[in-house]
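Student: Now for the letters of each chain:
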Amino acid sequence: MITKINHVSIFVLDQKSAYDFYVNKLGFKVNTDVEMGSKGRWLTVNPPEQPELELTLMAIDEKVMFDKVSAEKMRDLVAAGTFGFATFKCDDLLATYEELKQKGVLFKKEPTREFYGFSAVFEDDSGNWFSLSERSKVE
Amino acid sequence: MPKEFIISFVMPAESLRKLYLYRRVVQAKLFIDRKYEENIDVGEIAGEACYSKFHFIRAFKGIYGQTPHQYLTAVRLEKAKELLEAEMSVTETCHSVGFESLGSFIGLFKRRTGLTPSEYRRERLERKRRMIEKPLSFVPGCFVEQMNWASR
Numbered sequence: 178m179i180t181k182i183n184h185v186s187i188f189v190l191d192q193k194s195a196y197d198f199y200v201n202k203l204g205f206k207v208n209t210d211v212e213m214g215s216k217g218r219w220l221t222v223n224p225p226e227q228p229e230l231e232l233t234l235m236a237i238d239e240k241v242m243f244d245k246v247s248a249e250k251m252r253d254l255v256a257a258g259t260f261g262f263a264t265f266k267c268d269d270l271l272a273t274y275e276e277l278k279q280k281g282v283l284f285k286k287e288p289t290r291e292f293y294g295f296s297a298v299f300e301d302d303s304g305n306w307f308s309l310s311e312r313s314k315v316e
Numbered sequence: 005m006p007k008e009f010i011i012s013f014v015m016p017a018e019s020l021r022k023l024y025l026y027r028r029v030v031q032a033k034l035f036i037d038r039k040y041e042e043n044i045d046v047g048e049i050a051g052e053a054c055y056s057k058f059h060f061i062r063a064f065k066g067i068y069g070q071t072p073h074q075y076l077t078a079v080r081l082e083k084a085k086e087l088l089e090a091e092m093s094v095t096e097t098c099h100s101v102g103f104e105s106l107g108s109f110i111g112l113f114k115r116r117t118g119l120t121p122s123e124y125r126r127e128r129l130e131r132k133r134r135m136i137e138k139p140l141s142f143v144p145g146c147f148v149e150q151m152n153w154a155s156r
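Going down the list, the sequences are from chains R and U.
Take our numbering: the last position of the first sequence gets the number 316, and nothing is skipped along the way.
Take our numbering: the last position of the second sequence gets the number 156, and nothing is skipped along the way.
Chain R on its own, in the form it takes in the complex (with noise of 0.2 Å):
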């Protein structure tokens, strides 16, 4: 039966830059990085707290998924901001936010209080929209 996930997407426009941002900014670690010439690089990165969830940083070009049209969609609709594709979880909202604004994370939404939670909306190099919430006490 299937047990867990293993890899999620997030369709990037240039894997340096990613690289830079999650790596560097967001404090993620690198869980795989094999460079593979013109074939292309398989680059992995996971939250400090689950090391096996692979966040696959993929590249938008005619190598993997995406034909030439698919392919230049896909990125138009990437710079477009159109995509939230996980949501973030922290122990404390205000804390990192403080930390990613200084590291020149750009936020959509500051930290706001909603009936559902206390949570905020920043993005990546790429334009993509991330919720990051904080853990309730509950949980």
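Mixed in with the good hints there might be a few duds.
Cross-link-like lysine-lysine pairs, in silico, DSBU-like; alpha carbons within 35 Å at most [to be verified]: (1) R/K245 - R/K193; (2) R/K240 - R/K280; (3) R/K286 - U/K33; (4) U/K39 - R/K181.
Simulated from the structure, these hints should not be mistaken for laboratory data.
Once you have looked at the hints, place chain U on chain R.
Tutor: Chain U only, in chain R's frame:
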């Protein structure tokens, strides 16, 4: 409209003072991130944050779940792992990240990771070697096939 006003409007429960406290504590945390290899004095960081040592440590622990000193040790251990993986010797790694005693470093490393620094280093180098030799074994099969990466 000043940003502080907007933030306090959006979060009426959070006072500006709390925000400034957060800013100071986060700055201290980032200071530790940058200067971990130096002989950091927590009292000095507290002073820079304009708090008494007691209140600063308590505020830090409230936000990060550990004292500044515990956090400093954790950062040093993480950096040690990176250096070992980059093939630095155990002794040089120990001193590079700011630990003074090799014996304590080895003991601490083993307690936290379950491996001695040498064992960890060996394991990571082995993984790197496999990654270079057989990169495709680290990539999910579906991608290998679709991409025709496997040589025919």
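Student: Now look at each hint and say whether the structure bears it out.
Tutor: Cross-check of the supplied hints:
no.: 1; hint: R/K245 - R/K193; result: holds (22 Å)
no.: 2; hint: R/K240 - R/K280; result: holds (33 Å)
no.: 3; hint: R/K286 - U/K33; result: holds (24 Å)
no.: 4; hint: U/K39 - R/K181; result: violated (38 Å)
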